[in-house]
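With the sequence shown counted from 1, adding 98 to any position gets you this note's numbering.
Hints were generated in silico from the structure; no laboratory data involved. Even for Gly, the Cβ is constructed at its ideal location relative to N, Cα and C. Keep in mind that the hints are not guaranteed to be accurate.
[Unchecked claim] Listed next, with one range per pair, are the computed distances between beta-carbon atoms: (1) I151 to V222: 46 to 52 angstroms; (2) D226 to F333: 17 to 23 angstroms; (3) T128 to L336: 51 to 57 angstroms; (4) D249 to L332: 33 to 39 angstroms; (5) L214 to L110: 15 to 21 angstroms; (6) S280 to L332: 15 to 21 angstroms; (7) S330 to S159: 16 to 22 angstroms; (8) F200 to L110: 38 to 44 angstroms; (9) I260 to S330: 26 to 32 angstroms; (10) V222 to L250: 23 to 29 angstroms; (11) L168 to F227: 34 to 40 angstroms; (12) F279 to I311: 21 to 27 angstroms; (13) E199 to D226: 39 to 45 angstroms.
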Amino acid sequence: MIRNKIYLIPNLLTMAAMLSGFLSIWYSYTGNLHNAAIFIIAAIIFDGLDGRIARITKTTSSFGAQLDSLSDIVSCGIAAAIFIFEWVLKYTNIFYNPWIEFGLIISFLYLASVALRLARFNSVASNDFFIGLPCPASAGVISISYITANDLGIAAQLYSSIFLTAIIVLSFLMVSKVSYFSFKNISGNEKIKFYWLFSLVIVSAVALINPPIVFFILILSYIVSGPFISFSRLFKRLFSIKLTEEKSKDER
Numbered sequence: 099m100i101r102n103k104i105y106l107i108p109n110l111l112t113m114a115a116m117l118s119g120f121l122s123i124w125y126s127y128t129g130n131l132h133n134a135a136i137f138i139i140a141a142i143i144f145d146g147l148d149g150r151i152a153r154i155t156k157t158t159s160s161f162g163a164q165l166d167s168l169s170d171i172v173s174c175g176i177a178a179a180i181f182i183f184e185w186v187l188k189y190t191n192i193f194y195n196p197w198i199e200f201g202l203i204i205s206f207l208y209l210a211s212v213a214l215r216l217a218r219f220n221s222v223a224s225n226d227f228f229i230g231l232p233c234p235a236s237a238g239v240i241s242i243s244y245i246t247a248n249d250l251g252i253a254a255q256l257y258s259s260i261f262l263t264a265i266i267v268l269s270f271l272m273v274s275k276v277s278y279f280s281f282k283n284i285s286g287n288e289k290i291k292f293y294w295l296f297s298l299v300i301v302s303a304v305a306l307i308n309p310p311i312v313f314f315i316l317i318l319s320y321i322v323s324g325p326f327i328s329f330s331r332l333f334k335r336l337f338s339i340k341l342t343e344e345k346s347k348d349e350r
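Using the sequences and the hints, build the whole thing.
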């Protein structure tokens with residue numbers, strides 16, 4: 099009986115993430131983009147907690163994984179795509195009718211990228227690294243960008259024109275083969291866990307100064323880390339090939 103109740107906890111958190119995504123869609127529809135952004139962030143937090151708690155309590159299941167993906171398509175896919183359309187494309191002076199159709203295309207491009215990313219995640223086993231940018235990170239930088247832009251007083255028209263390009267880049271990174279650290283095995287390594295907890299304390303302390311900007315920098319750093327990891331691996335591979343060729347020449 100107790101075991102069954104424990105199984106419910108991760109699934110309830112997943113449903114909380116889905117509910118947050120649904121509320122974000124509602125607030126985007128009513129024009130309250132600040133609350134829409136807040137609920138996308140809430141969905142991402144719940145999404146991070148459900149998997150972590152499932153692994154800690156050893157209650158991971160195929161059902162939970164499928165439910166998590168459905169929740170992600172709502173909160174990080176549909177909710178974020180509608181948020182993009184309402185903020186970046188519809189409520190600025192950049193696009194006028196009939197260019198509104200172009201806004202729909204960009205929003206759908208993002209949504210399709212999330213769907214493809216989730217489909218690959220469910221079919222390809224991953225441990226230390228994710229293949230492609232995780233959609234919660236993508237949705238996170240979109241929502242936190244809106245809050246950060248408002249805090250800094252950046253003109254919506256200027257920022258939206260820049261962010262339009264960023265949406266296309268995010269869509270590409272999600273379906274790419276760029277590697278991203280998964281943070282799944284932190285608890286298994288005491289040394290890594292110590293540095294992780296220490297970093298978490300420092301970041302939490304700094305975040306008290308200006309949470310939106312700090313979290314924006316953190317998510318942006320994570321997004322940039324993927325191409326950096328991939329280029330580092332490529333450089334090491336090329337360097338290893340070069341050393342092998344030079345070694346074979348010396349042996350001759």
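Tell me the numbers of any earlier hints that the structure contravenes, in ascending order. 1, 5, 7, 10, 11
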